[in-house]
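**Student:** Position in the sequence shown (first residue = 1) + 6 = the numbering used here.
These aren't lab readings, by the way, just hints derived from the structure by calculation. Heads up, the beta-carbon is just placed ideally off N, CA and C, and yes, glycines get one too. This list has only true hints and no planted wrong ones.
Straight-line distance between alpha carbons at most 25 Å, and here's what the computed BS3-like set of lysine-lysine pairs gives:
(1) LYS295 <-> LYS279
(2) LYS21 <-> LYS619
(3) LYS511 <-> LYS493
(4) LYS619 <-> LYS645
(5) LYS633 <-> LYS41
(6) LYS166 <-> LYS41
(7) LYS592 <-> LYS357
(8) LYS633 <-> LYS209
(9) LYS264 <-> LYS278
(10) LYS357 <-> LYS393
Restraint ranges, calculated between C-beta atoms of paired labels, are given here:
(11) ASP58 <-> LYS37: 20 to 26 Å
(12) GLU323 <-> THR91: 27 to 33 Å
(13) ASN461 <-> GLU489: 32 to 38 Å
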Amino acid sequence: MPTKKLNKTHEILDKIFGDPSVIYGLKEFDKIEFKEVLEITEEEKNKFYVKDIKSGSPRLVYDETKQRAKPEEIVRQLWLYKLRTVYKYPLDRIEIEKSIHFGREVNKKSADIIVYKKDKVTPLIIIEVKSPTERKGIEQLKSYLNSEGAEIGLWSNGVKRIILYRPYPKEFSDTLPDLPLADQTIDDLLDAKKTLFEYTDPKADLKEIINSMEELVLANAGVDVFSEVFKLIYAKLFDENEARISRADHEIFFRKYKDASKTYQVINDLFKKSMEKWPGTFFEQDNIKLSPEHLSIVVGELEKARLFGSDLSIVDEAFEYLIPEVAKGKKGQYFTPRHVIAMAVKMLNPKKKENVIDPAAGSGGFLISTMNWVKERELNNSQEAVKEYAGEHLWGIDFAEEISKVSRALMLVAGDGRTHMFKLNSLDPREWQGEDQELLHARAELQKHLLDLGNFTDNADNKQSFHYFDFDVVLTNPPFAGEIQDKGLLRQYFFGKKKGKIVSKAERHILFIERTLNMLRPGGRMAIVLPQGVLNNTNMEYIREWLFEKARILAVVGLHGNTFKPHTGTKTSVLFLQKWGGEAGKPLKDYSIFMAVSKRGGKDNSGDYVFKKDKNGTVAHDRNGKKLLDHDLDDIADKFIEFARKEKLGV
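Please construct the entire structure, taking both the sequences and the accompanying hints into account.
**Tutor:** Set out below in structure tokens:
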């Protein structure tokens, strides 16, 4: 059959990769227009070939009859194009499928791509390409480098890449931040000045970078991975902030240097300065505990990512990956899916003058979403106005140190450096006492939002007990797991007593219902994620009766059963209410309540995200190339807004 040149490159690529969404994940080639680079033809019926950039010959990439695909060949051709156009290597210094010599024998295995030095004889770079779904091959690449005496190895599946540096005949001791250009030496690459906006990438996949850091060093470095990564995150945030604001040429210092000891000195100094600028997250005596050699490797992985201005969902996903199980799942605390958060914020519609608190702040998702909501609607997207707003009106509390660090870091990434994020036990203000500087600061700040109870005695008692607050909005997803048996704690709550006697135990989330409602001023609004049993079970009727006395129930939204998978399959609802008094007026006995149940939760039974597809089965993307989640919570929020207008709720 004669060669048939194809115009629909992306359709064929979708078949080759097996999933239409994969092509959007090939971050290594996001600046390459595939249809202009890849010449795909149908040389035989139902057999598709790509023109090899090196030889010009056709290479099989898809056999439709046998349903066999070779996506790794597409990755190889894109790398050949990038080597030639970005790194400026001439094709006569490049070979593909070169047999590897192990001693005197020629192994059957061959390197996907070899780039030679200017003598065209000595291997400089060996590249191992894989399918986008493949994760193995690093050890194989190392064996190739050892056998051929090449200094640089690159493993890539198009989504992720790892660069190895082996200053032959030494052992692998470093990674490089990038491949050298054709006219660069490795020293040139390491010594070159790097600037924030030219060198770093706001779309870099931080989760993949951290995963690479673990594979290369962290898992076997004898350090606490979470703690060390967070030190590096803060050092990098400080460096990016200085590069943006204070350095005229926007030069970045958070980078790998030729001398490992210099790398350690510079990065540790940035970390120390970050603690001065944003105190309260680390101890003053903290230092980076990684060795200079290990630090050089992880910095080489991290330096090209940009945190400020990046997609918060990408950073958030990386932080969730980092949080140890002991800090979340075992305590019934899970990161709230961002589409659930967006629905709650949209329905409560916080205003720029309103004070918002999350007493189980986790990673700060509700606060970040609130900040962005107000930023877009009332602050004209002004970064300075956002800082002022967040520093004055957003408050968060969480008991887990790791999660508290996450929330502070995410708020920094989002553009705020002064948010009130406190590491406290929201349920037990007894633990807020003490002379520790952080506790003193937290108490002083939170006392500004104690409710005025109308007389000196009650106000004095409230100043000690921190029982009643005047926040306008509460948004929270409290931990479900665990029973409270501490009688001193139970004594503080209505739900901790029954017929005047302290109960033997109470479920944590039940106490949170009471605690969060007491944080609202009269007329204040709240959204809280709860197990559906609280709203449905007959043995929970006493809680519902108490709620009806204290607040107007605005809405109940039943979440899909997959919403919190894979962490838990517990059925949950979001309860929206407004405390009686203030704008809510006096308690009513009869009024309408908005009720809805989500039918599309954005996840499948395994807890993997489900994305919208067009009529051709192709995953839909927004204008920024981000996949659109398939859920109905935004529609539910819109219906509630219509209901609220009709009922004149004023939210």
